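> Single-letter residue listing:
2 protein chains.
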Amino acid sequence: MDPRIEEHAKILVDWSTDVKKGEMVAIVASPLSHDLAVAVTRKVAEAGGQPMTLMSSEEINRAFYDGADDDILATEPAHMRALIEKCDAFIFIRSPMNTKALANVNPKRMMMVNKANQEISAIRLAKKWCLTVHPCLTLAQQANMSMDEYQDFVYGATLVDWKEESKNLFLMKEHLERHSDIRFVGPETDLYAKTEGRIWIASDGKHNMPSGEVFTAPIEDTVEGKIYFDIPFLQMGKVIEGVRLTFEKGEVVDFSAEKSEDALKTVIETDEGSRRLGEMAIGTNRGIKQYTLNMLFDEKIGDTIHCALGRAYKDNNGTNDSAVHVDMIKTMIEGEIIAGDEVIYSKGKYFYE
Amino acid sequence: MDPRIEEHAKILVDWSTDVKKGEMVAIVASPLSHDLAVAVTRKVAEAGGQPMTLMSSEEINRAFYDGADDDILATEPAHMRALIEKCDAFIFIRSPMNTKALANVNPKRMMMVNKANQEISAIRLAKKWCLTVHPCLTLAQQANMSMDEYQDFVYGATLVDWKEESKNLFLMKEHLERHSDIRFVGPETDLYAKTEGRIWIASDGKHNMPSGEVFTAPIEDTVEGKIYFDIPFLQMGKVIEGVRLTFEKGEVVDFSAEKSEDALKTVIETDEGSRRLGEMAIGTNRGIKQYTLNMLFDEKIGDTIHCALGRAYKDNNGTNDSAVHVDMIKTMIEGEIIAGDEVIYSKGKYFYE
Chain P
5 MDPRIEEHAK ILVDWSTDVK KGEMVAIVAS PLSHDLAVAV TRKVAEAGGQ
55 PMTLMSSEEI NRAFYDGADD DILATEPAHM RALIEKCDAF IFIRSPMNTK
105 ALANVNPKRM MMVNKANQEI SAIRLAKKWC LTVHPCLTLA QQANMSMDEY
155 QDFVYGATLV DWKEESKNLF LMKEHLERHS DIRFVGPETD LYAKTEGRIW
205 IASDGKHNMP SGEVFTAPIE DTVEGKIYFD IPFLQMGKVI EGVRLTFEKG
255 EVVDFSAEKS EDALKTVIET DEGSRRLGEM AIGTNRGIKQ YTLNMLFDEK
305 IGDTIHCALG RAYKDNNGTN DSAVHVDMIK TMIEGEIIAG DEVIYSKGKY
355 FYE
Chain W
5 MDPRIEEHAK ILVDWSTDVK KGEMVAIVAS PLSHDLAVAV TRKVAEAGGQ
55 PMTLMSSEEI NRAFYDGADD DILATEPAHM RALIEKCDAF IFIRSPMNTK
105 ALANVNPKRM MMVNKANQEI SAIRLAKKWC LTVHPCLTLA QQANMSMDEY
155 QDFVYGATLV DWKEESKNLF LMKEHLERHS DIRFVGPETD LYAKTEGRIW
205 IASDGKHNMP SGEVFTAPIE DTVEGKIYFD IPFLQMGKVI EGVRLTFEKG
255 EVVDFSAEKS EDALKTVIET DEGSRRLGEM AIGTNRGIKQ YTLNMLFDEK
305 IGDTIHCALG RAYKDNNGTN DSAVHVDMIK TMIEGEIIAG DEVIYSKGKY
355 FYE
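As they're listed, the protein sequences go chains P and W.
Plus 4 on top of the position in the first sequence (first one is 1) and you've got this note's numbering.
Plus 4 on top of the position in the second sequence (first one is 1) and you've got this note's numbering.
Treat the hints as calculated values from the structure; they're not laboratory data.
Some clues are possibly wrong.
One copy or two, it doesn't matter: identical chains are merged, so the pair holds either way.
To be verified - Derived SDA-like pairs (lysine to any residue); straight-line CA-CA distance at most 25 Å: (1) 14 x 82; (2) 90 x 18; (3) 131 x 92; (4) 25 x 80; (5) 242 x 147; (6) 90 x 79.
Values in this document were obtained by computation on a predicted structure and should not be read as measured data.
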């Protein structure tokens, strides 16, 4: 086995979910994640935990939609709930076989399943959990890379000294929380928001692997200025690129996109909350050297910031509500991040460097 | 998708486990069983059940042994128990990736895991369950066939009119239970046993798919005579072939094998129970036209009988106890099966034909 798979597993078990003796662990894997599931199983057992593996795939999910009546979709799966309640930690390994398998499922039916599983999700989120990927051909193609290149990319992003990285991220959180506002400045960009009473979260690999970001929910109505997001992103199967937004009193008053402006318009016009930001964040993972249209990675790219239109996280003390949460990323290598009177980042350097 | 996969799934859900609205169903699949897991998921949903899929593989099992200390092996997995308790039906799909992955695990450690899972197994066996295979390259090679040939083989054995087959099997059970003994006669073979008070079970696809056998546990000490098993079988990785056994007062008093006689000797000398029969059975599935060294199929071959040295099934009212249960098969196309004064089978014809 590629020794990097073993290292990846070690990080997931020892760092991300910190499995202890006697703990019950569920590994959720696609058939293409089998090798990492094997390695994680071994590490969980070494840590004294009890591993079990669930199989997940887009085609299995699709088959459920195709076979089930609405009342079946709307039913909470009691066996899944019983399992989740007894688990201490969850490791989700994404290696999609077919990212388009659910493309033609009625979104209302998907909402039914989400709703039926809402309590189960809440129980799970209150425990230890981590989401990661295992390299597969599907993701390599989405990233425009060979399998070899994609493996190097994934392990470059994940096989990081997370203890050290965590120290820097928590230092940044501490500094950001000394101040009551945040400002992103750069080419075609000067965006300001107040953050008083909001929490900055240091994402150091406990829930996302890879990770490397510090994020908060701005006070909605205080967002002012304009921003240019240069990194493309996927939204409902479309690549949106070159987004420009202008905010007044927290609301988008002007917008454009170099590609798929229609899709951006649909996002912004979803509801009241989708015209406002739910997240402002700083990406710090220099192991991620390019975007791959996979938000788990792209929003963590080092020397970037990102903002999300729509729903804020409760953990940030965020209040913006929306049916959407759409992240958009900007390279900051020529920019600055300023909190109060402190320069957090300037042209390739974080304050702690 | 191969329409035979859909048919196979339909049989598993509608016939074998007879899934009803509101039932919780666990599908246990290897990565190589994914396509059948998809089809079964759809059928379970159509029947109104809630499907979920667990991933099982020999390499995952092996990784658990490699990582776990003995006290971890000896611990009942509480999350698995909670899941099993909430399930109404189980569909196990075997598509091994590596049948040798556990070859070098200490059998004592495997016994620890079996023991830790004993109650869970009992709970599961008391519910609806069925074991099947999905064609894969591993099994095709074991069967000495191309993948195409192996698919034809599997679907020839499973896509059967089970309602009709069931009628014949239960008719045979009824006739066998009218009598108090059973006799297998054929080339180099005349084996007799009393069966009074023992139950003949008609295996009509509810627990094994494919199925097609009627089996009982003979009264141990009444087995008399000799038998020649012409069909090879796998035991602990070795192919044993051409077994001849002679019984007196239920005990093996003479034995030989044309191939791997040592392995046969090891089986017979395991314990007191391994010198006696735990099962005598009649195979009826004419869809299975050749042996493939896979007992799930081989013991069901039409126009055969089989006997097992060792442990009897409680469901047969069997009492023979042993650490082993080793099935051996004999072609009966030139033989006869006689119960009391009734000819159950003679040279290619069952009594009901």
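> Evaluate each hint against the coordinates.
Against the structure, the hints come out as follows:
no.: 1; hint: 14 x 82; result: between (32 Å within a copy, 23 Å between copies)
no.: 2; hint: 90 x 18; result: within (20 Å within a copy, 31 Å between copies)
no.: 3; hint: 131 x 92; result: within (6 Å within a copy, 27 Å between copies)
no.: 4; hint: 25 x 80; result: between (31 Å within a copy, 13 Å between copies)
no.: 5; hint: 242 x 147; result: within (14 Å within a copy, 47 Å between copies)
no.: 6; hint: 90 x 79; result: both (20 Å within a copy, 15 Å between copies)
Going through the hint list in order, the structure satisfies each hint without exception.
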